[in-house]
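Novice: As given, the protein sequences belong to chains L and F, one line each in that order.
For the first sequence, the working numbering assigns the number 1 to the initial residue and increments by one for each residue that follows.
For the second sequence, the working numbering assigns the number 1 to the initial residue and increments by one for each residue that follows.
Warning: the hint list may mix true and false statements.
Unchecked claim - No more than 30 angstroms apart at the CA atoms, straight line, and that leaves these computed lysine-lysine pairs for DSBU-like:
#1 L:K49 with L:K102
#2 F:K11 with L:K42
#3 F:K57 with F:K14
#4 F:K14 with L:K42
Stated by the list, open to error - Here are the in silico distance ranges between beta carbons for each label pair:
#5 F:G40 with L:N61: 37 to 47 angstroms
#6 F:R64 with L:K102: 35 to 45 angstroms
#7 L:P40 with F:N7: 15 to 25 angstroms
#8 F:G72 with L:N61: 26 to 36 angstroms
#9 L:R110 with F:H10: 27 to 37 angstroms
#10 F:R81 with L:G16: 24 to 34 angstroms
#11 L:P115 with F:G85: 37 to 47 angstroms
#12 F:T98 with L:E64: 21 to 31 angstroms
Hints are computed from structural coordinates only; laboratory data are not their basis.
Note that the structure is predicted; figures quoted are calculated from it, not measured.
From the three backbone atoms N, C-alpha and C, an ideal C-beta is built for every residue, glycine too.
Next come the chains, spelled out residue by residue.
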Amino acid sequence: AQSVTQLDSHVSVSEGTPVLLRCNYSSSYSPSLFWYVQHPNKGLQLLLKYTSAATLVKGINGFEAEFKKSETSFHLTKPSAHMSDAAEYFCVVSERSGGYNKLIFGAGTRLAVHP
Amino acid sequence: DTGVSQNPRHKITKRGQNVTFRCDPISEHNRLYWYRQTLGQGPEFLTYFQNEAQLEKSRLLSDRFSAERPKGSFSTLEIQRTEQGDSAMYLCASSLETSLNTNSPLHFGNGTRLTVT
Chain L
1 AQSVTQLDSH VSVSEGTPVL LRCNYSSSYS PSLFWYVQHP NKGLQLLLKY TSAATLVKGI
61 NGFEAEFKKS ETSFHLTKPS AHMSDAAEYF CVVSERSGGY NKLIFGAGTR LAVHP
Chain F
1 DTGVSQNPRH KITKRGQNVT FRCDPISEHN RLYWYRQTLG QGPEFLTYFQ NEAQLEKSRL
61 LSDRFSAERP KGSFSTLEIQ RTEQGDSAMY LCASSLETSL NTNSPLHFGN GTRLTVT
């Protein structure tokens, strides 16, 4: 079975500083990996996805993630945090099961951005 | 694209009552998913539909839960005899799966927050 582990439940950064949200995955084969963001009282929004193409994936709002097979990691980064980035972030692995892709979510990392 | 719509946004009910939630997916999407998210956790898969057929149900979906998608468009999720442990955010998502694209991203609604008192 596939799984993801988000290494930090809370991350706090100052506006304008870099963001690093860490994620490790467990998969028996080449996985599809995603990052979703959830703002308060809002639905989940796809930030980016990795599907065995380029290992460095660029997403929306300046976020990117790098797939590192040797480290089984898929960390999310952004060079400069903005106040509007404060939200809950979920690392997700897709498990192919019975003809559909079941998303398996990590527990989430809450990002706080301070002025 | 009006996105995935869920109603109601919030539902407060007393233990033992039945509740029903509705999800309207993106119109051309053939797959519809239900997830449950409890406080401090990531969403967990409950069930999914390919058009009107319910093809997979999680073991999290007890006999008190039933989901339907009668015409392959909107879906309902009913919980009978609610328990306090059912309190959670219920998320609906949809996607368009084709033979050429079997890994389409899911588009999520804003969810229905259920509180059982």
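Novice: Are the hints correct? Go through all of them and say.
Specialist: Status of each hint after checking the structure:
1. Straight-line distance between C-alpha atoms of K49 (chain L) and K102 (chain L) comes to about 14 angstroms, which keeps the hinted pair within the 30 angstroms bound.
2. At most 30 angstroms may separate the alpha-carbon atoms for a hinted pair to count; K11 (chain F) and K42 (chain L) meet this at roughly 16 angstroms.
3. Distance restraint check for K57 (chain F) and K14 (chain F): the Cα-Cα separation of roughly 26 angstroms lies within the 30 angstroms cut-off, and the hinted pair is therefore satisfied.
4. Taking the CA atoms of K14 (chain F) and K42 (chain L), the gap is about 25 angstroms. The hint holds against a cut of 30 angstroms.
5. Between G40 (chain F) and N61 (chain L), the C-beta spacing of about 24 angstroms breaks the proposed range 37 to 47 angstroms.
6. Remark: the range hint 35 to 45 angstroms for R64 (chain F) to K102 (chain L) is contradicted by a beta-carbon distance near 22 angstroms.
7. The hinted window of 15 to 25 angstroms between P40 (chain L) and N7 (chain F) holds, with their beta carbons roughly 19 angstroms apart.
8. For the hinted restraint 26 to 36 angstroms between G72 (chain F) and N61 (chain L), the CB-CB distance of approximately 34 angstroms keeps it satisfied.
9. At roughly 22 angstroms, the beta-carbon separation of R110 (chain L) and H10 (chain F) lies outside the given 27 to 37 angstroms, and the hint is violated.
10. A C-beta distance of roughly 52 angstroms is found between R81 (chain F) and G16 (chain L), which places it outside the suggested range of 24 to 34 angstroms.
11. Taken as a hint, the range 37 to 47 angstroms holds for the pair P115 (chain L) and G85 (chain F), whose Cβ atoms sit roughly 39 angstroms apart.
12. Distance hint for T98 (chain F) and E64 (chain L): a CB-CB separation of about 28 angstroms, consistent with the stated range 21 to 31 angstroms.
Hint compliance for this structure: hints 5, 6, 9 and 10 are not met, and every other hint is.
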